[in-house]
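So the sequence shown is numbered by full-length UniProt numbering: it starts at 1 and just counts up by one.
Treat the hints as calculated values from the structure; they're not laboratory data.
Treat each hint with caution, since some may be false.
To be verified - The calculated SDA-like cross-link candidates involving lysine to any residue, where the alpha carbons are at most 20 Å apart (straight line), are:
1) Lys314 <-> Ala185
2) Lys368 <-> Trp446
3) Lys418 <-> Trp400
4) Lys360 <-> Trp443
5) Lys353 <-> Arg437
6) Lys306 <-> Leu266
7) Lys191 <-> Gly281
8) Lys191 <-> Arg120
9) Lys421 <-> Thr402
10) Lys360 <-> Thr381
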Amino acid sequence: MAIPTTPAAPRVSQPPVPEAPIDIEAWTEEASEALGAIHITPPAARIAPPAAIRGTTVTLDIPLDDHVQPHAQSGENGQATAAQAVRTGYTRRQEPLRRDSLKRREALLKGKEGSRQRRRWENDRLLNNPHAQPPLPSDWEVRPQYQFHYVPYAVASYWDKELAARNAARNTKGAKPAVSKEEEAAAEALKQVRERLKKKRAARSMLEDIEREVRKFVEKWEDRARKDEQDDLIDPDSEDEQIVFVGRNGQMSDMRAAEEELRKDLMVFDSLVGDRSAAFGRWLVHSIAAYYGLETWSITTGTPAKREAYIGIKENRRKTGHRNAMRRPLPQPLWSMPKPLEPTLSSLRDLIKHAHPEAKAYSNTTTKAAKNELRTKLTKTTVLIRTNLDLLDQERDEWWKTKAQLRRQLAEAGDEEKLKKLHLINNSITAMMRDMRARLGVWVRWGLGVGEEELEVE
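With these hints in hand, go ahead and build the complete structure from the sequences.
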């Protein structure tokens with residue numbers, strides 16, 4: 001029996017359930033309550049406001065490094081539905097990417113363990129220093145940076161005296177000793193004469209002749225002045241009353257004869273006015289006079305005109321009429337001063353200057369004949385240089401012997417500074433000659449191929 005099939009009844013779609021509309025007022029209240037619960041300060045520092053002002057402040061707390069606390073979940077399996085999320089206005093906050101944080105920054109500053117950056121970070125903070133101490137409260141006080149001495153009141157006067165004595169000693173040590181005008185002029189004259197004689201070595205004999213006459217004149221005047229002082233000779237130009245003798249013929253006379261005898265001047269140098277070379281001689285006279293503390297002047301007399309240089313005695317007259325002549329011994333003559341090393345050094349420099357092109361040509365020459373000729377010339381020049389070095393050594397030795405008395409005086413007086421300067425000059429000259437001898441020996445031995453025996457033969 002056939003069972004008739006009846007068509008299935010068509011499905012009737014049910015109309016969708018309309019969603020509940022969003023309550024804006026309720027959503028606003030919930031958002032306000034949620035914002036009120038957020039604080040910007042950490043929980044540890046959070047302090048509850050007093051009851052009187054509670055509700056008047058709003059704090060916001062946004063954790064940077066802490067994990068986000070999940071919100072209260074609802075629905076099946078603790079999952080919030082979309083409708084609830086839309087209704088409440090919140091969505092689940094995802095875990096932030098930790099690309100930047102305070103811990104990461106501090107780790108980057110420290111560096112890896114064992115790295116140079118980590119060692120620098122530890123050294124800056126004195127972490128591995130067993131003697132490190134935390135700063136004291138006194139370290140943060142404002143105080144002067146210079147050293148300050150706390151002196152008791154009872155000791156203050158003695159402290160001031162000690163400081164004053166130190167200051168006076170320091171000023172006395174740095175101050176130059178007082179030098180009279182005569183001594184300063186003599187030192188300047190000695191310096192100028194030495195400088196001029198370096199260029200004019202032949203003028204030493206001229207200096208000796210002029211200075212011998214000047215020394216004889218000064219010694220004679222000293223003897224006469226000493227004799228007159230013993231006889232108590234009174235200066236007629238003094239402020240005391242003058243004794244006048246009246247002769248039988250009514251003529252007045254006084255003791256002018258001895259006075260005129262002592263006032264004699266000495267003409268040391270004369271020359272024609274047009275002679276230019278005589279200027280150096282007159283300059284020598286003026287320099288010698290300044291060295292011995294004498295007066296000097298030049299006058300032009302006669303026909304044809306001549307220029308004459310005179311010297312005279314400087315006298316300091318006292319009110320009693322006696323001469324106050326200087327009674328110190330005559331200084332060392334200028335012409336007997338040790339020969340300066342500069343002339344010998346200049347000739348030595350000239351020899352070396354002329355030897356340089358010959359040595360250069362000798363090294364560049366390839367022909368045997370020219371090389372032998374230059375070698376002979378250089379050998380002779382080497383012998384001359386060694387001779388000049390020997391002269392330098394001899395002059396230095398003589399100069400050092402002449403300074404023996406001065407060295408003893410300085411040692412007795414305790415003047416270590418001047419004594420040190422003398423030794424420094426002697427040592428520097430000795431070292432210079434030793435160095436020149438060594439260089440010359442090396443060049444002769446390895447540059448020319450000449451031995452000591454061949455140099456001695458030459």
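Here's how the hints hold up against the structure:
Under the criterion of a C-alpha separation no larger than 20 Å, the hint pairing Lys314 with Ala185 is consistent with the structure, at around 14 Å. Restraint check for Lys368 and Trp446: the C-alpha separation of about 18 Å stays at or below 20 Å, so the hint holds. Proposed proximity of Lys418 and Trp400 is supported: the alpha carbons are some 14 Å apart, at most 20 Å. This hinted pair checks out: Lys360 and Trp443 have alpha carbons roughly 12 Å apart, not beyond 20 Å.
For the proposed pair Lys353 and Arg437, the alpha carbon gap of about 16 Å is at most 20 Å, so the pair holds. With a CA separation close to 16 Å, the supplied pair Lys306 and Leu266 stays within the 20 Å bound. For the hint linking Lys191 to Gly281, the alpha-carbon distance of about 17 Å falls within 20 Å, and the restraint holds. Proximity of Lys191 to Arg120 is assessed by CA-CA distance (about 64 Å); at most 20 Å being required, the pair is judged violated.
Restraint check for Lys421 and Thr402: satisfied, since their Cα atoms lie roughly 15 Å apart, inside the 20 Å limit. For the hint linking Lys360 to Thr381, the alpha-carbon distance of about 14 Å falls within 20 Å, and the restraint holds.
In terms of the numbered hints stated before, the structure departs from hint 8 and from no other.
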